[in-house]
Amino acid sequence: MAQALCMEEMYGISLPHGYIYYTSARERVQIEFEDDLRILTKSKIRELSEFIENPILEQAKYMKRCPKCSVYDICEPKNQMISRYMNSLWKRI
Numbered sequence: 001m002a003q004a005l006c007m008e009e010m011y012g013i014s015l016p017h018g019y020i021y022y023t024s025a026r027e028r029v030q031i032e033f034e035d036d037l038r039i040l041t042k043s044k045i046r047e048l049s050e051f052i053e054n055p056i057l058e059q060a061k062y063m064k065r066c067p068k069c070s071v072y073d074i075c076e077p078k079n080q081m082i083s084r085y086m087n088s089l090w091k092r093i
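When you number the sequence shown by this note's numbering, it's gap-free, plus one each residue, and the end is 93.
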């Protein structure tokens with residue numbers, strides 16, 4: 001539905017339905033773009049954009065499996081762990 005909304009906006013058209021293709025079953029299923037689905041999709045898009053503007057993320061906790069993670073370099077759990085430890089030491093002084 002989100003992709004259809006984008007196409008409608010880009011091309012100034014209205015799409016009444018779309019298709020989902022299930023590769024494992026080699027089956028194509030038609031999906032009607034009803035008002036309820038459009039409202040729900042727009043609501044989820046708003047929620048996502050609000051989250052992107054004001055992300056609320058838990059602090060990373062380093063685990064043995066962390067170095068194998070695809071976002072390890074972005075997350076930097078060891079650096080966060082060290083920062084928390086150093087901050088706790090500074091608070092004691």
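Each hint should be verified, as a subset may be incorrect.
Claimed, not checked - With a straight-line Cα cutoff of 27 Å, these simulated DSSO-like cross-link-like pairs (lysine-lysine) come out: (1) K42 with K64; (2) K64 with K44; (3) K78 with K61; (4) K68 with K78.
Everything labelled a hint here was simulated from the structure, so no lab data went into it.
Comparing the hints with the structure gives:
1. K42 with K64: Cα-Cα ~39 Å, so violated.
2. K64 with K44: 34 Å, violated
3. K78 with K61: 8 Å, holds
4. K68 with K78: 13 Å, holds
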